[in-house]
Amino acid sequence: MSTDKSTKDTSFNNLPEPEIKPSRKISTIWIIPIVAALIGIWLVFLSMSEKGPEITIIFETAEGLEAGKTPIKYKDVIIGKIDNISLNKEMGKVIAHASTTNGTEDYLNENTRIWVVRPRLGLKGVSGLGTLVSGSYLEIDPGTSGDFTDEFIGLETPPTLKTNTPGKEFTLTASKLGSFNQGSPIIYKGFEVGEILGYALSEDKQSVRVDIFVHAPHDKLVQENSTFWNMSGLEVTADASGFKINTGSLQSLLIGGIAFETPINLEEKEPAPNKFGFTLFNNKEDVLSASYSSKRNFILYFTGSIRGLSVGAPVELKGIKIGTVKDIKLEFDAETLIFRTPVLIEVEPGRLSEIGKRKQSPEEIFKTLFQKGLRAQLKTGSFLTGQLFVDIGFHPETKPVYVKANKQYQEIPTIPSSLDELTTSVSQLIEKLQRLPLDTVSEKLVSSLDGLDHIINSPEAMNMLKTLSNAATGIDKLVAGMDKELLPKAISALNEAEQALAQTNKVLAEDSPLRYDLQTTLQELSAAARSIRLLADYLERNPSALLYGKGGPGGQN
Amino acid sequence: MSENTHHTSAAKQDLSSCHSCGRLQHMEVQKCGRCGGAIHLRRANSIERTWALLLASVILYIPANFFPVMTVISFGQGAPDTIMSGVIHLGEAGMWPLAGLVFFASIMVPVLKMIGIGFLLISIQLKLTWRAKDRTKLYRIIEMLGRWSMVDIFMISILVSLVKLGAIATIEPGAGATAFAGVVILTMLASMSFDPRLIWDVTEEK
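Taken in order, these protein sequences are the chains called Z and V.
Per this note's numbering, the first sequence starts with residue 601, numbered consecutively.
Per this note's numbering, the second sequence starts with residue 57, numbered consecutively.
If a hint is listed, it holds; no wrong ones were tucked in.
With a cut-off of at most 30 Å between alpha-carbon atoms, the simulated DSS-like pairs for lysine-lysine come out as follows:
id, chain 1, residue 1, chain 2, residue 2
1, V, K183, Z, K621
2, Z, K1077, Z, K1066
3, Z, K681, V, K220
4, Z, K929, Z, K884
Sample of chain V residues at the chain Z side, in silico, Cβ under 10 Å:
id, residue
5, E104
6, P119
7, F122
8, I129
9, V239
10, L242
Calculated directly from the structure, the hints in this document are not laboratory data.
A quick note: this is a predicted structure, and the numbers were derived from the prediction, not measured.
We put the CB at the ideal spot given by N, CA and C, even for glycine.
The whole structure should be built from the sequences, with the hints applied where relevant.
Here's what the structure looks like:
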């Protein structure tokens, strides 16, 4: 070994000394793992910063949901993913845990709604068809505002309306639910301008509340005097002019719909505010006949039979319909053992145009009106069908009678119907007639007739008749005698009277001397009277003339 | 084969081979007389370099598995897949051979490589003489298999560029793919920078 080295040394002796660089403590190669670590840290940081809050969503069923796959989307942007799905035994529900991306906090609040988008086939159309191939996904609709939350209850059906959709919501009150459904269209002059959000029974369970949404800009068309009616399905009317079939669009025929109209008014009305309430009518005819929104209920107690009165019968005042009959019942008062028939009527005060200023509260007004004789009465609308209607009229001659069995509604005093009155008087008459002692009367009649018969047939009567006949003969003879003796004398007397009259006539004729004499005498008499008057006048002025004569000292002339 | 200790080696005769052309020359020569390449008895800083590259690849292996390597979106449906979830999906789809291949190339090979290189490095640093020949064999296997891990990366890059069918199907590469490519490259570099002769240096010293 040493020899080898020496030879080596000798052979390379003349070579320059090698530069010996001190070896660096840390090789530059370590930059690579550092860079790798930095990249790793950066990636982790990126993924951490992309992570949003973890949320849990409760569903009825996990149909279509897949852990680790089903995305959560908002406006088709993926904002999260379901990580795992677990069952909750206590609630019997499915709990989906999901992770969301960064910045999703803003969309997750108390009002956020989450639902599963699945393919849906409805009469209104097909939705979520894309999910047939792509699989279901969760869609969120962030609420308007609210506190952040990470627990949600998933909706089973997608909401028809998303937050921030421009437009307005309205509430309709219907007497019954038509054939429409959630998502059914709202139609204005044939245009679909909105949709039905949902419906529920009202709190008093007497009507149906329907929530609708009208999209902007058509929401301006809804004004406070707008009228809504159900245009579901097919309407067939048969009348004198023939058959009439009314339908909306084919869609509304299938799934129903609600139409509305805003009557043209003199005054420009403001669009109705959000969540304004309207009445939903059964059909357009109802709207035309009753475009009055305010209602007032009254209760009537009729004493007689109300056969022929049906729900929906008109309530008329002076022959003008002001309302309808809403309900008819038969009540039994267990306390007083009285049967009553309360009739609930609905009056639309809007049908009366009010003039003048009110000085009293409505209740006081009604009280005064009742005192003035406002009464309800059943009247026959048609003698053919016997249908009755309620007539409100003034009968000041009657006293108001209140039953006061219902505290909920104001009572209008009633009077019996005219037919009732008639029946009553007839029955009273019959009763009186019945009370007559007809038997005894007839007995007495018979006996008196018997007596009469007896009298007539008695021999006295016969004698009387004979005497009567004799008397008549006597009178006859007397008259005949008078004829023979009296007549010639009477004729001669008359002749004499005639002659006397003629004589008188002659004396009184115009050219008769008696008449002339009489005339002159009368003229003389009138002249004498004038002289006396003159004398009297003169004496009045000159009384002294009596003593001194005319032209004396007292006299003026 | 019997023990090699009694055989003489080039290093004992102060000879060193050129890294590039393999010509044996005297150790004192700094540059290859034939090709001009630098002459080293052993690869410079082999162990340190290998350790550094191995560590880097191990670090990158975490995001490579944690992040999705690609997202296949067909008919709007699709979720990002990591390497392992891809294997599982392939298996679920019944494509067992393919799943096996991907599992082998993308999971087993890199892990084996990293463990193997790490094992070799540790064994050298601990100056173990245990089954030196088998360890050399292991190194050869590592060298040979290393490139096959790139199959995944190639597949992804080809699919991403080919499958651009819009709504029907789209494949997007993920961050994991980049990291995985880094892992493969770094392990290959690590195995390259590893000098298997170091295994024998220890046995010869003894």
